[in-house]
Structures are given as structure tokens and as C-alpha cells.
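2 protein chains.
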Amino acid sequence: MTILAVGTIAYDSVETPAGTSNEQLGGSGVYFSLSASYFSNVTLMGVIGKDFKGSDISLLKSHKIDTSGIKTSNGNTFRWKANYNDNINNAITLETQLNVLKNFDPEVNVEQSNSEYLFLANIDPKLQNKVLHSMSHTLKFSALDTMDFWINNDIAGLKNIISQVDTLIINESEAKQITDEPNLSKAAIALSGMGPQIIIIKLGEYGVSLFASGFKFIIPAFPIENIVDPTGAGDSFAGGFMGYLHTCPDISENALRNAVVCGNVMASFTVEDFGTKKIRSLSMKEILQRFNQFWELTKFERDFIKIK
Amino acid sequence: MTILAVGTIAYDSVETPAGTSNEQLGGSGVYFSLSASYFSNVTLMGVIGKDFKGSDISLLKSHKIDTSGIKTSNGNTFRWKANYNDNINNAITLETQLNVLKNFDPEVNVEQSNSEYLFLANIDPKLQNKVLHSMSHTLKFSALDTMDFWINNDIAGLKNIISQVDTLIINESEAKQITDEPNLSKAAIALSGMGPQIIIIKLGEYGVSLFASGFKFIIPAFPIENIVDPTGAGDSFAGGFMGYLHTCPDISENALRNAVVCGNVMASFTVEDFGTKKIRSLSMKEILQRFNQFWELTKFERDFIKIK
Numbered sequence: 001m002t003i004l005a006v007g008t009i010a011y012d013s014v015e016t017p018a019g020t021s022n023e024q025l026g027g028s029g030v031y032f033s034l035s036a037s038y039f040s041n042v043t044l045m046g047v048i049g050k051d052f053k054g055s056d057i058s059l060l061k062s063h064k065i066d067t068s069g070i071k072t073s074n075g076n077t078f079r080w081k082a083n084y085n086d087n088i089n090n091a092i093t094l095e096t097q098l099n100v101l102k103n104f105d106p107e108v109n110v111e112q113s114n115s116e117y118l119f120l121a122n123i124d125p126k127l128q129n130k131v132l133h134s135m136s137h138t139l140k141f142s143a144l145d146t147m148d149f150w151i152n153n154d155i156a157g158l159k160n161i162i163s164q165v166d167t168l169i170i171n172e173s174e175a176k177q178i179t180d181e182p183n184l185s186k187a188a189i190a191l192s193g194m195g196p197q198i199i200i201i202k203l204g205e206y207g208v209s210l211f212a213s214g215f216k217f218i219i220p221a222f223p224i225e226n227i228v229d230p231t232g233a234g235d236s237f238a239g240g241f242m243g244y245l246h247t248c249p250d251i252s253e254n255a256l257r258n259a260v261v262c263g264n265v266m267a268s269f270t271v272e273d274f275g276t277k278k279i280r281s282l283s284m285k286e287i288l289q290r291f292n293q294f295w296e297l298t299k300f301e302r303d304f305i306k307i308k
Numbered sequence: 001m002t003i004l005a006v007g008t009i010a011y012d013s014v015e016t017p018a019g020t021s022n023e024q025l026g027g028s029g030v031y032f033s034l035s036a037s038y039f040s041n042v043t044l045m046g047v048i049g050k051d052f053k054g055s056d057i058s059l060l061k062s063h064k065i066d067t068s069g070i071k072t073s074n075g076n077t078f079r080w081k082a083n084y085n086d087n088i089n090n091a092i093t094l095e096t097q098l099n100v101l102k103n104f105d106p107e108v109n110v111e112q113s114n115s116e117y118l119f120l121a122n123i124d125p126k127l128q129n130k131v132l133h134s135m136s137h138t139l140k141f142s143a144l145d146t147m148d149f150w151i152n153n154d155i156a157g158l159k160n161i162i163s164q165v166d167t168l169i170i171n172e173s174e175a176k177q178i179t180d181e182p183n184l185s186k187a188a189i190a191l192s193g194m195g196p197q198i199i200i201i202k203l204g205e206y207g208v209s210l211f212a213s214g215f216k217f218i219i220p221a222f223p224i225e226n227i228v229d230p231t232g233a234g235d236s237f238a239g240g241f242m243g244y245l246h247t248c249p250d251i252s253e254n255a256l257r258n259a260v261v262c263g264n265v266m267a268s269f270t271v272e273d274f275g276t277k278k279i280r281s282l283s284m285k286e287i288l289q290r291f292n293q294f295w296e297l298t299k300f301e302r303d304f305i306k307i308k
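These protein sequence lines are chains P and L, in that order.
Positions 1 to 308 (the working numbering) are the ones given, in order, by the first sequence.
Positions 1 to 308 (the working numbering) are the ones given, in order, by the second sequence.
These are calculated hints, taken from the structure and not from any lab test.
Certain hints may be false.
No distinction is drawn between identical chains; accordingly, a pair holds when it is met within one copy or between any pair of copies.
Unchecked claim - Derived DSS-like pairs: lysine-lysine, alpha-carbon spacing no greater than 30 angstroms straight-line:
id : residue 1 : residue 2
1  : Lys-299   : Lys-285
2  : Lys-126   : Lys-61
3  : Lys-299   : Lys-186
4  : Lys-216   : Lys-277
5  : Lys-81    : Lys-186
6  : Lys-299   : Lys-140
7  : Lys-216   : Lys-299
8  : Lys-277   : Lys-186
9  : Lys-277   : Lys-159
10 : Lys-216   : Lys-159
11 : Lys-71    : Lys-176
12 : Lys-285   : Lys-216
13 : Lys-159   : Lys-50
14 : Lys-130   : Lys-285
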């Protein structure tokens, strides 16, 4: 079985204090799939233009990503241009060319509809909704990511899809914006009141927090001295999270905790180089090593004290 | 043996979204001492005015804090007035009345000079320097806190005292300001190049990170739904950290990790009510309980994966 993911496939141009990267493979669906591919099989749904490079399809295929759900439309691939020079943690969008994304209409075939895991990466909530409703009763776990654009431009559509998924994965600023709640814990409670049983709030350079009905799990980010390009960190998180979870016998508390750590680890790799450069070329040994380094970074003894 | 601490003793007036608190006991030395007192004996050095309330001295004494190092001078006690309405994580200082603090000259007696642990809470670096140089060769561990005021007004004096202590405890924004380094890990490396073997950077609502030569330790904050007043959280952190460390047989890596967690726990209590209200009235049972809750919040299995 594979994870079905729908999201954007893009050519990104970004400028960061570390340099520039032009017209490089990106998009929420791509980062998610590459990251998840280290753990599980992934089927990616999305749309590309006639300009999409064969070498980029080959890259996805080399990660055993099923690309049969990728449509090719007349026109150019979606493009995004951004600048991180003022603040490495906050992209300023300079230009968005929707191109073929404008008329994208995902169609889920029978095999895809029988997937047990579904990830709705950032894309129009209407498309996320269509894909979710195309799934069969075999669906076991669904998760959703989004971005501030949809909060500002289709909050009704967004809330509708949020109400139907098991897990919402969202940035801190977006969580606070949707709920109008400046306190993180309260924002999580409010989001959980909208439907999802699990709320994952991404804290960027400060880590990530998971709020479930029976427990909370909060961890810092893995410290990276040279953040080259944070693009795709959130989608890489989601990929590590879902990819790992999919390998677990069930969606237990322990599985969710480890899945969050895996997501965290994958995101920490992504930011170390431009675009997908790092996340496309990892070994399982490197991933395991960083998982263990993260364990060392956060461990402490439960045994408390011999107090005075 | 006790921990010797020098710092401010104040009457604070603060306004937060949760309400107001007028002319209440505060100051870096007070928060530190109250917090540390749950773990160790503390001798507090500082200055108060003739207006200082007997009930506040009694409060310190009820925590077995040695107040013999507190001088009473002619004039009023130091006062600080601030507003957190715009941002609960960032105080806007409205008024500072130095009063008796202006001419404070700490004098360390022989017994105090033989303390093994010294905490230099936020106060004029010249006074911190004087106290440090008054210590005898029995001193085993010294730590320093400061604030942006001294970075802006006496950076030379501040760097001088930083170069002489074992541990620097500092806010994230201050760490980045001193080093002119926006990346947290790099800021820690730069600070450690100034002298201290251990750099602790407080991340406010995002937790705390410790950088030592052989290891790093980063943890999130304990999530608090209703932050009433963040005043004193940093000093309470330092109190829990030093107070716990002082109970350990040696300053090992494990001791430092647990000390950071204790500091974190104590800070999480402080913000739950105005001023010292919460930190003055805890039980060891509550502290242990929250330590264990923090363990649950951050724990995950080291055993990784049965990957595809």
C-alpha cells in the first residue's frame, strides 16, 4: 500500500542570505513525496506543464514515487519566486505564476482511491475536498496542510476541509490567525474543536508541537548552524511524519511521537541546502544518525532529585 | 553550604492582558532566591529602602533565604513599571526608579565569600564584578544573567564579567544582539568564545537551550494556557537551574540537563500568576508533578524503525 498525496509541483526561484536558486524543482507535493519516500511508497497527484523536465520526473521515479497521478497540461508549470533576505524564517513572495495549476482538476482512480493514507498538501481547499471525497472506505488516516493564502481567500472552504480530516498540520502563525488566539495551547484547542483529532503546529526554528486528545508532544527543532533555504521544510516535516506513521502497525501514541521526530529530522535536512538538493539525496544511515543525535539533544533522566 | 546570589529587589507594577499588579515584590534577586529555595539554601545580597515591607522580609525568611546580605538604605526601594498588553512575551518598560539601587555597593563578608555557588542576577556589571572578585578560592560554580540595558549601556563592563564566569544565562534576543549573529547556534558559539564554558539561551515561550563543550540540550517550554504575568520567568529559571545543580554531587552532563528542566519547570509556575504569587507558594509535590508532566510531554522512543 502507498500514501496518496495531492499537492503542488513547482519551479521555485528563491534568494536567501546564502545565495540564489533559480527555477528549481519544488512545490508542496514534491517536498512531501521526496521526504516520505525514505519510509513508504508514495503516489503523487499534481499537475505539470509541457516545460517540466524529464530529469525531474526521473528524480521522483528514482525515489520509487508513483508519478502516474501527475497530469501534464498545456502551458507552463506553476512558478513561485521568493526572498528570505530580511528574515530567514519568513519568505516574502515576489511572484506567483499559477499557470497549469489554475485549471487543475485532480482525478483519483480506483487503485488510488483505495489508499489507506492520504495527505492533502497545500493546494486549493476545493481540490483537497474533491480528493478526500474520492477516497474509498479503506481510508485509515488523512492529514491536511495549508497556507495563509487560503486563510485569507477561502476560509469557508478551508474550514470545511479541516472539519473532515484526522490531522491538521499547520504553521504557528496560521494556527493563531485561523483561531484568533495568540496562545499556542488555546489555538490548538480551538483548532481541534473544528474537527481533527490531532493538531500539529509547526514552530519553524523552534520545533513542533502535537496536540491529541490524550496527550501533547512538544519538541525543539534540530539546531542547524547554516540554514541555506527553508523552502519546503514544512512539507518535508509532513512527509517524514506520514511516511514513518505509515510503517507503524497502528496509529498509537508512541507511533505519533516518533513520527513527529522523523518529520522534524527530515525538515532539518531540507533547510541545509537549496530546494530539494538535500532531501533528494539522503541515505537511511544519515536519517538514523540524526534521529539519534536528536535523541541525545533532548534526553534527560526521569529520576529527579535528592533534594535537601 | 548555600548559594550566594546578588541581584535587584524591587517593587514592580505591571499591566498584562490578565489584569494589573501594583507595587508587588519583585526583582531579579528575589525571583531567583524564591525559585532556588525549593532546592537549596540561598543567601540573597541586595538593597532595599526604608519603605520595604516587613512582610516581604518575612516571606523571604519563610523560604529559609538568608537575608543578612540585604542592605537597607535611606530612600525608597527600586521600582519598575511595565506593560505587556501588546505582546505577552515582551515587556514595555514604562518607568524605572532606581532609588536606593543607585548607590548600592555590595559587600561580601567572609562567610558569604566562602560560598561554592554564586549567581550574579541582572544588576550593574560593575557590581557583579565586585561580588565575583570578593569570592574565595572555594568558589566552584558561577553563573551570570543580564539584560539588554547593560548591552546598550556598558557592553565593555558586561563582556568583562562574561569572560570570568562559568555559565552565561541570557535571552535569545540579547544573545543575538551581543554577538550580532541571527543564528542561535552560532550566537552560542560566539558567546562561548567570550569565556563561559556553558551558554544557556532562554527562548521564552519556546523553551531553553544549553550549549556546552561536549553536548547541547534543547527543550521546549512547558505549555501554559493562561500566561498571567511573565515577569521573573528568566530569574525563576536561573533559580531552579542553580538550586537543583547545587544538590548534585558534581556538575555532570546529566546534572546540567536535569537542572535545565528544573529551571524550565520553575519558570512555568512563575508565569501562571502575577509577580511572585505562584513561585512563593509551591509544594515540592507540585514541582515533582510538573517535572514528570514535562517528561511525558517530551518523551519518545529511542528505538527507531522497521522501515519498508
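Hint check results:
no. : hint              : in the structure
1   : Lys-299 x Lys-285 : both (21 angstroms within a copy, 23 angstroms between copies)
2   : Lys-126 x Lys-61  : within (28 angstroms within a copy, 65 angstroms between copies)
3   : Lys-299 x Lys-186 : both (27 angstroms within a copy, 22 angstroms between copies)
4   : Lys-216 x Lys-277 : between (33 angstroms within a copy, 27 angstroms between copies)
5   : Lys-81 x Lys-186  : between (34 angstroms within a copy, 28 angstroms between copies)
6   : Lys-299 x Lys-140 : between (32 angstroms within a copy, 26 angstroms between copies)
7   : Lys-216 x Lys-299 : both (17 angstroms within a copy, 10 angstroms between copies)
8   : Lys-277 x Lys-186 : between (37 angstroms within a copy, 23 angstroms between copies)
9   : Lys-277 x Lys-159 : neither (34 angstroms within a copy, 41 angstroms between copies)
10  : Lys-216 x Lys-159 : within (23 angstroms within a copy, 40 angstroms between copies)
11  : Lys-71 x Lys-176  : neither (35 angstroms within a copy, 47 angstroms between copies)
12  : Lys-285 x Lys-216 : both (29 angstroms within a copy, 22 angstroms between copies)
13  : Lys-159 x Lys-50  : neither (34 angstroms within a copy, 60 angstroms between copies)
14  : Lys-130 x Lys-285 : neither (38 angstroms within a copy, 52 angstroms between copies)
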